[in-house]
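J.: Sequence:
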Amino acid sequence: MKIGLLVFGLAGLLALVSFMPPLAGRLRLPYSVLLAIVGFILGVIIHVHDWAPAVMVDFLDTLEHFEISSETFLYVFLPVLLFETALAMNVRRLMDDISPILVMAIVAVVVCTLAVGFSLAAISPYSLVVCLMLGAIVATTDPVAVVGIFREVGAPRRLMNLVEGEALFNDAASIALYSVLLSVLFQGGTPSVAAVVQSFLISFLGGGLAGFVMGKVTTSLFIWLRGWPAAEVTLTVALAYLTFFVSEHYLGVSGVVATVISGLVVSSTGRTRMSPTTFEQLSSAWSQFGFWANSLIFVFAAMLIPRMMAEITWIEVLLILVLFIVTLFARAVIVHGLLPLLGWLRLSTRVNRSYRAVMLVGGLRGAVSLALALAVTEQPAVPHDARQFIAVATTGFVLMTLFINGLTLRPLIFRLGLNQLSPVDRALRDQAQAVELEALRDKTDEIARHEHVAAEVMDRIHNVFDAGQASVGAAQVQQLSEEQKIAVGMGILAGREEEMFFETLKARVVDWRTAESLLARAERLGDAVRAGGLRGFQDAIDRDLRYSPGLRLALRLHHLPGFQRWLERELAQRFNNLMCKWAVARRLIRFAEADVQPLLGAEVTQIIVAAHRQRLERLETALQALTLQYPAYALWLQEVYLTRLARSMERLRYREMLAENLISGETYADLIDQAEQRWSYLDDRGMLDIALSAAALIERVPLFEGLDAATLAAIGRLLKPRLVLPDQEIPMKVGRMRAMYFVASGAVILDLPDGTTAELGSGQIFGEMALAEGVDFEARARSLGYSRLLLLQEKDFNTLLAGNPTLRDKIQAVVRQRMRAVEVWQQFQSGERQYEPLPDLQALPTPPD
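Take the sequence shown: its position 691, counting from 1, is numbered 893 in the numbering used here, and each next residue is one higher.
Hint data in this document are derived by calculation from the structure and do not stem from the laboratory.
Treat the hints with caution; some may be incorrect.
With a Cα cut of at most 30 Å, we get these calculated BS3-like pairs of lysine-lysine [as the list claims (entries may be wrong)]:
1) K935 - K997
2) K1012 - K935
3) K997 - K1012
4) K418 - K708
Between beta-carbon pairs, the in silico distance windows are [stated by the list, open to error]:
5) I517 - R228: 25 to 31 Å
6) R982 - I300: 26 to 32 Å
7) A213 - I243: 18 to 24 Å
Glycine is no exception: its CB is placed at the ideal position from the N, C-alpha and C atoms.
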């Protein structure tokens, strides 16, 4: 086919499908159903079009000679469809319902395949492998029509997540199982269940691993392409196709799974690794790619229906009816049997009956099933009758799901009331409308006065406002309980917090690493608020202020081999996070007082504000502990925060001047370049110096004053530096050995056995009495802040004192003083009990040379 005619045919199809969405809305048909009808009509008339005008004849001739093969579907369209769907998913929301999604995507595919395979094999002349392959083909669902209906009628977001998540992994599982069964059919013989399961797991899990690695590599490359939106979008297109092809042909795993996982990786990390404007462009571009791919693949697949159904028999019609009933029953077993069991076992959040009913009917099949059936017809190794049966059965089944399930889905959603707002959302909507109409009326009156609008015009506009306020009536939010109002308000602030963190990223106030951490924590906080209200918020704050696993692991690695750089990065990251959260928490309180109070009332707002003030106090306490220990780094952070805001405001002002035609495009580019050079030092990541070398800390301990350099060097070889976090318990044994500590900086509190406490500051020691007496340290030691300690193990204690008489005398004086204090205290308590004599440190055995 000539290139010109090929372009003409594709352009004509794109022009045709561009009118399908509004037409589907007018006809109240699912978009996929309308595409199937249009494709079917084209498939019929391309063979009888001599009556048409010349331009139409050329167009239909071009369509007739299109070589629409299964490889065209799988390698051209499928990667785009999979990647676009994965990119649009919210990974956090996906993980919330991962259990039911995986059950519907994997278990349901297996159940459907087995049910169809054994049922049809029992009543038809076709082999078990052929029937199993048909089951795998029809097990894959198409989310486009369903989600389109959901969006039109306003179905709940969670229901859309469940259906989209199912379809996302469902395609992967179905195609992976189809590939395994196709290889079994080629090899001949009876399939081994163990071999099929093994091949399926290797293909599925291997594809997931390949997609994760390629997605991570790609997101790391976004840093190099930052500022070049066209290049970044192009890289994601390359990722979709390369992941699919490399996984299938070089790694021997599922390219579908790999493409899905790589898309999810980009979805979860792309908005922080890319510039924010680029990520918005990326989402828009992939939405367009997905529309093209889905529309064309459906039209092309539907055009094949007349050819694939040309030789259908009445026996095959009956088998299609059985196929439809069996798949519906298998899906009902999963939806109404296994999903409630997951909720009962608390393996997932419960899925209510209304959702399950819609999920049962919403299992529409589409272009992927048709493409897989077409792939079977192109396999000469498959017997002709089996190819004919799979093609006809799949086509008939897809049409039944589109016209039966697709046309009943919308009435079912209305019948179940899933298109309606919840009572809480309705009350909040009415209150928001009442507040905004009143404010808008005042603003309109002010504009009318300034613009000298006629009084009769204002009267007509006032009538519109009056009618709107009358429809709302009294503030419906008053019908909500106080607990519901608090939950609504906390949810509003949680969503606003996510937006604020993303705004700081867009303004380049924080780098992508900090933004990634902050957004993840904000999403978890939002989930906790939506699930548990005020109590969930408080529990989430407790978790948020805990030390991260990375910091704890870095601290452990520092304690063992003395690895310090990772600990510095983790502490600096915590410092950055605390400061950003502190700034956002203050803004949230102002937002609640200014914007939430008119919606929910003063009393409820005060409760919400009080909870956020408690959070602010805890953030200030945690931040102050770091600031006192690292004041120079705290000042540097403040400088960076303020100057990055200044840089953002400067760039924004230049953009406004360009939009107002105050400056030309060339001037704008030059001003931006100068601004980047002016603030370039901000991009140099400052490093928090924890200064934990033994030599540096020894200089801080008064006990070591007056010792010569050689002695200090010898002491430095025995003492091990330790950083202890606030409220962290200090271990008094390292393995099986007792230990003592020198406090180089910070403060340590000892919880003594008699219920009293003792606070030790810089230069003091603890644990020495246990080593001197050879007993375990009975007190509980914990740090009050970020304390720097020097650890001396029991095995080195005698060596250190024997070689340093001056130091031994100093430690002995401390021990005697503390022992005397203990003796006086015990005499005071008992009146007669005498403490045992203090051992002479000079009598301790001298270690051999």
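J.: Now tell me, hint by hint, if it's right for this structure.
T.: For each hint, the structure was consulted:
A hinted pair counts as satisfied when its Cα atoms are at most 30 Å apart, and K935 with K997 qualifies at roughly 12 Å. Taking the CA atoms of K1012 and K935, the gap is about 23 Å. The hint holds against a cut of 30 Å. At roughly 19 Å between alpha-carbon atoms, K997 and K1012 fall within 30 Å of each other, so this suggested pair holds. Of the pairs offered as hints, the one joining K418 and K708 holds, with about 22 Å between alpha carbons and a cut-off of 30 Å not exceeded.
Taking the beta carbon of each, I517 and R228 are about 40 Å apart, not inside 25 to 31 Å as hinted. Between R982 and I300 the CB atoms are about 41 Å apart, so this pair departs from the stated range of 26 to 32 Å. Here the CB-CB span from A213 to I243 is close to 19 Å, well matched to the stated 18 to 24 Å.
Hint compliance for this structure: hints 5 and 6 are not met, and every other hint is.
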